[in-house]
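With the sequences and hints as input, model every part of the structure.
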Amino acid sequence: MSAVPLHQLAPLDLGLQTARDLLERRTPDDALPITLAALARLLPAGLRRGELYELVGDRSSGRFSVVLALLAAAGNVGEATVLIDLGDHFDPQDAVRAGVVLERLLWLRPADPKQALAAAETAISGGFPLVVCDLGTPPVPGGRGAQSHWLRLHAAARSHRAVLLVSTPYRACGAAATTVLEARGGRARWRGDAPPHRLLQGIGSRVVLKKTRGRVPESAAELTLRRGRL
Amino acid sequence: MNRIACAACPLFPLAARLRAEPELAGEALAIVEGNGQAARVLAATRAARRAGVRPGSTLTQARALVPKLVARARDIECEATAQEVLLETAETFSPRVEDGGPGVAYLDLHGLDRHYRGKEPAHGGIGREEPERELGKALLHALDRERLPVRVGIASNKLAARTAASLFPTPTVVPAGHEPAFLAPLPLERLSPSIEIAETLERWGLRSIGELARLPAAEVASRLGEIGRELHASARGLDLRPLVPRSAPPDFREGMMLEWPLVNLEPFLFLARAALDRLCRRLETQGLGCARLEMSLRLEPDGVYQRSLTLPSPTRDTKTLLTLVRLDLEQHTPGAPVVGFALTAQPDRPRAAQLSIFGPAALSPERLATTLARLFALLGPGRVGSPALADGHRPERFALADFRPPPPPRVRAQPPRARGLLAVRVLRPAVEIEVNTRPAAGGSPAFLRPVRPPALPADPRAVVAVPSRQRSAAAAGSRPAAGASPRIEGAVRVASGPWELEEGWWTEAPVRREYWDVELDGGGLYRIYRDRESDLWLLDGIYD
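Line by line, the protein sequences give chains A and B.
First residue of the first sequence? That's 172 in this note's numbering, and the numbers climb one at a time after it.
First residue of the second sequence? That's 34 in this note's numbering, and the numbers climb one at a time after it.
Derived from the structure by calculation, the hints contain no laboratory data.
Ideal placement from N, C-alpha and C gives every residue a C-beta, glycine not left out.
Mixed in with the good hints, there may be bad ones.
With the Cβ distance kept under 8 Å, some of the chain B side facing chain A (calculated, not the full set) [said to hold, decoys possible]: (1) Ser-419; (2) Arg-445; (3) Pro-449; (4) Arg-452; (5) Leu-455; (6) Arg-461; (7) Val-527; (8) Ser-529; (9) Gly-556.
Restraint ranges, calculated between C-beta atoms of paired labels, are given here [claimed, not checked]: (10) Val-296(B) to Arg-342(A): 44 to 54 Å; (11) Leu-322(A) to Thr-125(B): 44 to 54 Å; (12) Asp-310(B) to Ala-346(A): 35 to 45 Å; (13) Pro-310(A) to Arg-178(B): 54 to 64 Å; (14) Gly-368(B) to Leu-370(A): 56 to 66 Å; (15) Arg-360(A) to Glu-317(B): 50 to 60 Å; (16) Gly-399(A) to Asn-297(B): 54 to 64 Å; (17) Ala-346(A) to Ala-423(B): 40 to 50 Å; (18) Arg-342(A) to Trp-539(B): 45 to 55 Å.
In structure tokens:
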């Protein structure tokens, strides 16, 4: 079957020669892509559908930049995405620079964690393939949320084959998370000696895979983020 | 030759009321008109009629016959809605439909013979069912689903079709050209002559329509005038009145007047749910969705309370619309008991999309509309949408647009490599901070701390060297809610800046800022600025 000329399967001008070409175009298990090199090394299969990913990181650890990069990657392959922005931190200008396709992004600005969790469940059941829930900076108003809420959201993601990514300043999802990544020790990089000639170049941090299915934990990668054009 | 179908709903005020309150169908119910002793029965259910309740009898007489008689006042709102449903359902069969008055609709059947060719008889019978009879049955079933019991007549003109619609069995089909023969045996009352004319015809000894038709037309006209001439033409099955199609109304409306005033939300929502259910079914029949829902509540003793709910995307999901109604009324209570309501849906075409086989799965437009409406109901306006770029230079600016994702590519493409850019968490609103500056280093920040809450007395030992003019300019309005702002405090390890930002100098509220990037000793990289208009320091972003 895979060697059958594609024109016999469907008269489409897709730039493909055989059905094998088509199969090769698809990512394994139809996972969502990761285009950030450091993260792709830790999760080579991409973001698997039906799983709950927890991204933990303190202030200035690069956590929000990773979130934008994942939204950008999914949007660029044509997937619709959702950002549940509990802290109302999203900046469209910044997102465009990071490559996020704004037209494919549904931006939700809940007022409290209860609304955020309900919105996540509604978005997952609405068929969105990637739902990102950013809990903002510490202290998260209203706490981490009950464990049962996260288990319920994971079950919803599994039944609707969605990827749920929870970006949080500290562990919140507990046993519900299938994969846990932690960004540690963000260090600023500067150029120049003193103001006004000193410029922020970016930050470097270390992303550690704390928990995953089928891979050895505690593998880590260096994440380098540079500051874009002002 | 023209063929016209007539759908007529007998006892229309009763049918309209039962459509709104279907649980009363098995009860002895009477629709009454008038108040107090003048209240008279307009129509009654079969259970009431069996007990002897007749149209025209007073409510007191009816109650004497049936003590447990349920009486409902005639509801014009219900009838208007039922009439609209009748016409809309008829329009799903024919593009040309005439509003024939309460409970009556005429359909032009021209061209429909290509859709209804007749069915093979069941159980091995002989011959095919007439196409028009099949159409009539389909119309009956469609209106039955809308809880409107109608009778259908099909003929070559409106008069014969209307007459056929009043007969059993239904549907009654009068073959083309057989209208005079069809009408001939029927009593003259079927032509609805005026009382004077009817008395005259009775004196002439005429009983049936056929007897009138056999008289010379000129003689009838000379004795009865223009009315007589028209009546004679009707008796011969001639009706030259053309079918006048109605123009489609711009909105869909459901509502009812209540028997008693409602003061609680739950009973109202119970009734609103049924009305929304009917509204959504009507929208579905027309292939439309609700883009805006308008509520009109009639209050006691008088007054109307109106609300308008705009949806992010056309939907016909009852649960979602009901949630929106609930949330809106919880926030904006009418302030008086409700004695009637009307829900009007402004329709729009639901979004359509061609789903791809090989590319990423597109969101189902119907499902997306429902999801957006639910999120809108959950989070409220201004909190759901697609982010958009806004003009200006202030970092906190943003715009929110309707979420209308473009269709996904036909084939899944490889995404470009990430640029690995550092993002900023914008703080909306910016958090006021106290900043100790180094005058020798060009005024660069040296120490940050949150602004002390004004209710607490300042500890003189903890006060850092902040210029007094900065401390005195307290902007209470710009302070965020407690617990929402991140706590940052510490000595500045590295600072970079300043960068000037100036915007709107020609307006009454110009923006003049001096931005700095600062890294604190304890970790954390922040974007702060000094507002040169108020001389306040504010934290507006965290590099993350």
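Now for the hints, and whether the structure bears them out:
{"no.": "1", "hint": "Ser-419", "in the structure": "6 Å, holds"}
{"no.": "2", "hint": "Arg-445", "in the structure": "6 Å, holds"}
{"no.": "3", "hint": "Pro-449", "in the structure": "6 Å, holds"}
{"no.": "4", "hint": "Arg-452", "in the structure": "6 Å, holds"}
{"no.": "5", "hint": "Leu-455", "in the structure": "4 Å, holds"}
{"no.": "6", "hint": "Arg-461", "in the structure": "5 Å, holds"}
{"no.": "7", "hint": "Val-527", "in the structure": "6 Å, holds"}
{"no.": "8", "hint": "Ser-529", "in the structure": "4 Å, holds"}
{"no.": "9", "hint": "Gly-556", "in the structure": "7 Å, holds"}
{"no.": "10", "hint": "Val-296(B) to Arg-342(A): 44 to 54 Å", "in the structure": "48 Å, holds"}
{"no.": "11", "hint": "Leu-322(A) to Thr-125(B): 44 to 54 Å", "in the structure": "46 Å, holds"}
{"no.": "12", "hint": "Asp-310(B) to Ala-346(A): 35 to 45 Å", "in the structure": "41 Å, holds"}
{"no.": "13", "hint": "Pro-310(A) to Arg-178(B): 54 to 64 Å", "in the structure": "56 Å, holds"}
{"no.": "14", "hint": "Gly-368(B) to Leu-370(A): 56 to 66 Å", "in the structure": "60 Å, holds"}
{"no.": "15", "hint": "Arg-360(A) to Glu-317(B): 50 to 60 Å", "in the structure": "59 Å, holds"}
{"no.": "16", "hint": "Gly-399(A) to Asn-297(B): 54 to 64 Å", "in the structure": "56 Å, holds"}
{"no.": "17", "hint": "Ala-346(A) to Ala-423(B): 40 to 50 Å", "in the structure": "42 Å, holds"}
{"no.": "18", "hint": "Arg-342(A) to Trp-539(B): 45 to 55 Å", "in the structure": "50 Å, holds"}
Hint compliance for this structure: every hint is met.
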